[in-house]
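Chains as they are written, first to last, in the numbering used here: chain A, 985 to 1099; chain B, 109 to 221.
Simulated from the structure, these hints should not be mistaken for lab results.
Heads up, the beta-carbon is just placed ideally off N, CA and C, and yes, glycines get one too.
Hints may contain errors.
[To be verified] Computed cross-link-like contacts, BS3-like style, restricted to lysine-lysine with a CA-CA straight-line distance of at most 27 Å:
(1) B:LYS117 / B:LYS165
(2) A:LYS1091 / A:LYS1054
(3) A:LYS1057 / B:LYS165
(4) A:LYS1062 / A:LYS1039
(5) A:LYS1091 / B:LYS117
(6) B:LYS165 / A:LYS1080
(7) A:LYS1080 / A:LYS1057
(8) A:LYS1091 / A:LYS1057
(9) A:LYS1054 / A:LYS1080
(10) A:LYS1057 / A:LYS1039
(11) A:LYS1062 / A:LYS1091
(12) A:LYS1091 / B:LYS165
[Said to hold, decoys possible] Stretches of chain B that chain A covers, calculated by requiring three or more beta carbons in the stretch to come under 8 Å of a beta carbon on chain A:
(13) 178-184
(14) 191-200
[Said to hold, decoys possible] Not everything, but these chain B residues come out facing chain A in the computed CB check (under 7 Å):
(15) GLY150
(16) HIS156
(17) GLY160
(18) ARG171
(19) PHE172
(20) PHE212
(21) GLN214
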Amino acid sequence: AQTVTQSQPEMSVQEAETVTLSCTYDTSESNYYLFWYKQPPSRQMILVIRQEAYKQQNATENRFSVNFQKAAKSFSLKISDSQLGDTAMYFCAFMKPNSGYALNFGKGTSLLVTP
Amino acid sequence: DSGVTQTPKHLITATGQRVTLRCSPRSGDLSVYWYQQSLDQGLQFLIHYYNGEERAKGNILERFSAQQFPDLHSELNLSSLELGDSALYFCASSAGQTNTEAFFGQGTRLTVV
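Whole structure, please, built from the sequences with the hints as guidance.
Here it is as structure tokens:
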């Protein structure tokens, strides 16, 4: 079974600063996908960014970018110019095609952005 | 708004009872996934349906069952409820069987007392 580990239960960052959330995973598969989801207090799960394992280029979505290190099985999320609205739980997730495209989530990191 | 609708938003019931959670996927989406989010277990995949057929099972208890109807809405049935079944239950939908982008509903908060 794949495991996804987020080693930082809580983090805080000041507005406009940059923060990096860590995620490691364990798999023997070569074809898979990695995701970061955001869950604000409204509890809605929102896709932040997605990375295909076969792509070497790191994914970027506006202020959000990832550092995907396939050999190290590491997938960290960098949030630049943090905003108060970024306050949320962030979940790293793993998906492999032969498991029905289901998401396997880490335990999450609670991020607080302070003024 | 993701376009995925879950009802009810909140549900309080007693141990031993049975409840049904409902999910309407985004218009045109054929895949429906169910997830459970609890303090103990975190976010766990339960089951995946595609166009009415079960495609994958995760950590779904035997007391739980699901189905997807011809109009593509899905129901998750939870029976013989226990205190530990209290959780947030999410439905997510995606366009096809192999799409990697899933859109989540707002969840149903189940409290078993």
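So, against the hints stated earlier in the document, which numbers end up violated here?
Hints 13, 17, 18 and 19 contradicted; others consistent.
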